[in-house]
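Visitor: Using the sequences plus the hints, can you model the full thing?
Top to bottom, those sequences are chains X and R. Letter 151 of the first sequence, counting from 1, is numbered 151 in the numbering used here, and no numbers are missing. Letter 168 of the second sequence, counting from 1, is numbered 168 in the numbering used here, and no numbers are missing.
Hints listed in this document are in silico derivations from the structure and should not be mistaken for laboratory results. Take the hints with a grain of salt, since some may be wrong.
[To be verified] DSS-like cross-link-like pairs, simulated, lysine-lysine; straight-line CA separation at most 27 Å: (1) 78(X) <-> 167(R); (2) 111(X) <-> 64(R); (3) 131(X) <-> 57(R); (4) 82(X) <-> 58(X); (5) 58(X) <-> 167(R); (6) 96(X) <-> 111(X); (7) 58(X) <-> 169(R); (8) 114(X) <-> 131(X); (9) 111(X) <-> 66(R); (10) 66(R) <-> 96(X); (11) 78(X) <-> 96(X); (12) 216(X) <-> 203(X); (13) 96(X) <-> 57(R); (14) 64(R) <-> 131(X).
[Stated by the list, open to error] Interface residues of chain R toward chain X, partial, derived using beta-carbon atoms under 7 Å: (15) 259; (16) 262; (17) 263; (18) 265; (19) 268; (20) 269; (21) 270; (22) 271; (23) 272; (24) 273.
All values derive from a computational prediction rather than experimental measurement. Cβ atoms here follow ideal geometry from the backbone N, Cα and C, with glycine treated the same way.
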Amino acid sequence: MSEQTALLEVNNLYTSYGRIPMLLDVSFRLREGEICTILGANGAGKTTLVKAIIGMVKADQGTIQFQDEDITSMPTHKRIEKGIQVAAAEVGTFPKMTVEKNLRLGAYNIKDQKLLSERLEEAYESFPVLKDRLQQKAGTLSGGERTMLALARAYINKPALLIMDEPSLGLAPIVVDEVFRIVRRLNQENDMSIMLVEQNVVKSLGVSDYGYIIQKGQIIFQGDPDQIHESGILDNPVMS
Amino acid sequence: MKNKKLLDSPFAVIFCNIVLFLLVYFIVTSDYVLSLAIMAVVIVAILLVNRINLVNKIFDLYVKYKKTALISGLVLGILYPFSLTDNVYVAHIATLAVIYGIACLGLNFQMGSTDMTNFAPAAFMGIGAYSVAIASVKMGLSPWLGMLGGVLLSGLFGFLIGLPTLKTKGYYLSLVTMAIQLAFTELVRIWPYVGGDDGISGIERYKLFGFELYKRYTIFGIRMSPQIPYLLLCIAFLVLCTYIAMRVYFSRTGIAMNTVAQDEIAADCLGINVSRTKLFAFVIGGMYCGLAGTLFAGLEAYAGPATYNFQKSLMLICMVILGGMDNSIGVVLGAFILAIITEKLRDFADFQQLIYGAILVIMLIVRPDGIIPWRVRNHDLITRRKPKVIEKLGVSTNIAEKAELKSEV
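Guide: And the structure:
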């Protein structure tokens with residue numbers, strides 16, 4: 001496993017909010033073509049890690065490498081151009097714009113009209129929920145549809161790395177299943193590497209190849225889903 | 001069916017233009033009772049008509065028959081000043097309204113498109129006006145040079161105050177701009193070089209190839225009021241500015257500004273350069289306001305601190321809110337209405353503020369988005385063809401329209 005090339009490599013990352021340290025010496029690798037899960041309780045630093053990777057929180061120390069390139073001090077929009085996309089609860093959809101406009105905005109960096117319309121078609125095929133609602137404002141969508149829209153919007157760019165921050169948050173169980181099915185499909189059919197940040201331990205370990213457990217800003221365990229289950233570390237009531 | 005066809009033709013656009021022209025003409029020329037009555041009727045009519053989404057349809061028509069709309073608008077725009085003939089006061093009001101229209105377009109980039117309420121548009125206007133004043137009175141240069149300098153300088157000023165305000169959002173950004181406005185007024189008041197409280201008077205009028213733009217001319221035996229040629233110049237600038245504003249609205253930058261307004265984090269995560277977009281809004285808005293200021297100085301031949309104070313900023317903001325945020329046409333309409341109301345109510349100087357405030361409060365209760373509010377961005381209007389996907393999927397536009405109507409409710 002380890003001889004595969006790393007797509008994203010975070011080395012000894014420290015971040016802080018003002019004087020409060022948030023991430024302490026976090027290192028992890030995401031190999032090309034795998035689904036990697038970051039698990040942790042509320043306030044463990046999962047979202048901060050995502051924000052650090054896309055450049056919304058500054059790294060105090062340490063490096064972030066993407067495709068063998070140091071992106072530690074790049075502004076967010078440059079990192080997005082490199083091929084990272086985020087679908088997260090705090091990265092909302094634009095409520096006052098139509099679904100179609102939202103999707104097209106996802107492809108802001110695609111300037112080739114033909115390629116763009118091809119990608120749009122693909123997105124409609126992959127996310128059939130959206131195609132009846134193209135002219136509807138995104139603000140009137142249901143929570144599940146909005147998650148789909150965020151996923152579709154990230155998918156349109158065919159990113160090398162797709163980061164998902166709690167895609168199952170606030171969704172009905174049946175929609176959660178659908179979301180995880182899509183996650184797996186994106187990984188298998190489109191060869192997308194996916195970083196999944198979740199609280200839903202069973203579901204996310206079920207689809208992923210590798211997992212990290214983060215607690216109080218530090219990575220306390222890493223391994224295959226089987227190893228994580230065997231280690232019993234999730235039996236700790238705080239973690240599940 | 002026939003009705004629908006007639007509505008979807010270039011003639012409809014020309015007809016709308018003529019109706020607008022007549023309305024503006026009557027509102028500007030008649031005395032205050034009649035003009036206020038007409039204005040009230042027009043506003044109520046727009047509100048009623050909008051029940052069946054007609055305003056949006058008319059707007060679509062304008063976009064569709066862009067050339068017809070532009071040419072007929074230009075012809076009427078050129079005719080308009082001549083219809084005012086000898087009425088000096090009316091010509092003055094008309095010129096003021098056009099100048100405020102330009103300033104409001106600038107403010108709209110910040111307030112409407114990017115959702116950054118800028119409380120300092122009058123300061124930008126002041127920079128433009130003082131540039132012209134200094135260039136012509138203190139340095140003896142041509143006022144055109146002053147105009148160029150004023151526009152560039154206010155753009156630069158926009159960039160400079162844009163930089164620190166990148167770090168603040170919402171109310172705090174508004175507070176920063178408010179401070180800048182107050183500082184500007186105070187600065188020009190105590191700076192002896194620019195005349196202090198007295199300001200700078202005796203600004204040279206604009207001349208075009210030796211043709212004076214502020215002078216009485218007699219055309220076909222009719223004596224014109226002196227502002228007429230100047231009004232033509234201002235209208236030309238307004239048309240140019242509206243055109244640029246529309247182009248920006250439909251461009252990638254325009255969309256980027258809207259995304260920043262609605263969700264900054266999401267915009268960032270889609271690869272949009274948020275700081276560049278915000279700075280763009282500040283710079284282009286500043287340049288528009290600066291241009292309005294230079295024209296204002298040319299009209300009054302005077303630049304003073306009392307003209308570009310906080311009150312004027314508030315008035316400009318009210319114009320944008322009244323007309324409709326993020327809609328170039330609406331903003332210009334709002335500027336016209338408020339400029340005319342404030343001038344028409346001069347006779348009731350005591351009640352002017354009261355009526356002015358009452359109009360705003362009523363508007364905000366009845367229609368908080370403004371008379372002609374922002375529209376849901378429609379993608380096929382930009383590419384000027386139906387999106388293929390919709391046809392393929394067989395979603396009839398009827399359903400799409402209904403969905404839009406519903407979502408608007």
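Visitor: What's the verdict on residue 82(X) and residue 58(X), does the C-alpha distance respect the 27 Å limit or exceed it?
Guide: Holds. Residue 82(X) to residue 58(X) sits at ~18 Å (cutoff 27 Å).
Visitor: Holds or violated: are the alpha carbons of residue 78(X) and residue 167(R) at most 27 Å from each other?
Guide: holds, 19 Å
Visitor: Would you check the hint for residue 111(X) and residue 64(R), treating anything up to 27 Å between C-alpha atoms as holding?
Guide: holds, 24 Å
Visitor: Quick check on residue 269(R) please, does its C-beta sit within 7 Å of some C-beta on chain X?
Guide: With a minimum Cβ separation of about 5 Å from chain X (threshold 7 Å), the hint on residue 269(R) holds.
Visitor: Classify the hint on residue 265(R) as holds or violated, based on whether any CB of chain X lies nearer than 7 Å to its CB.
Guide: holds, 6 Å
Visitor: Regarding the hint that residue 270(R) lies at the interface with chain X, is the smallest CB-CB distance below 7 Å?
Guide: With a minimum Cβ separation of about 5 Å from chain X (threshold 7 Å), the hint on residue 270(R) holds.
Visitor: Going straight from one Cα to the other, do residue 96(X) and residue 57(R) come out at no more than 27 Å?
Guide: holds, 19 Å
Visitor: Would the hint on residue 271(R) be counted as holding, given a Cβ-Cβ threshold of 7 Å to chain X?
Guide: Because about 4 Å separates residue 271(R) from the closest Cβ in chain X, which is inside the 7 Å limit, the hint holds.
Visitor: Does residue 111(X) sit within 27 Å of residue 96(X), going by the straight-line distance between their CA atoms?
Guide: The given pair, whose Cα atoms are some 23 Å apart, holds under the 27 Å limit.
Visitor: For the pair supplied as a hint, residue 111(X) and residue 66(R), is the alpha-carbon distance within the 27 Å limit?
Guide: Roughly 25 Å separates the two Cα atoms, so the pair holds.
Visitor: For the pair supplied as a hint, residue 131(X) and residue 57(R), confirm whether the alpha-carbon distance does not exceed 27 Å.
Guide: Judged against 27 Å, a Cα distance of about 24 Å means the pair holds.
Visitor: Are residue 273(R) and chain X close enough, Cβ to Cβ, to be under 7 Å, as the hint says?
Guide: The hint holds - residue 273(R) has a Cβ within 7 Å of chain X, the shortest such distance being about 5 Å.
Comparing the model with each numbered hint stated earlier shows that all of them hold.
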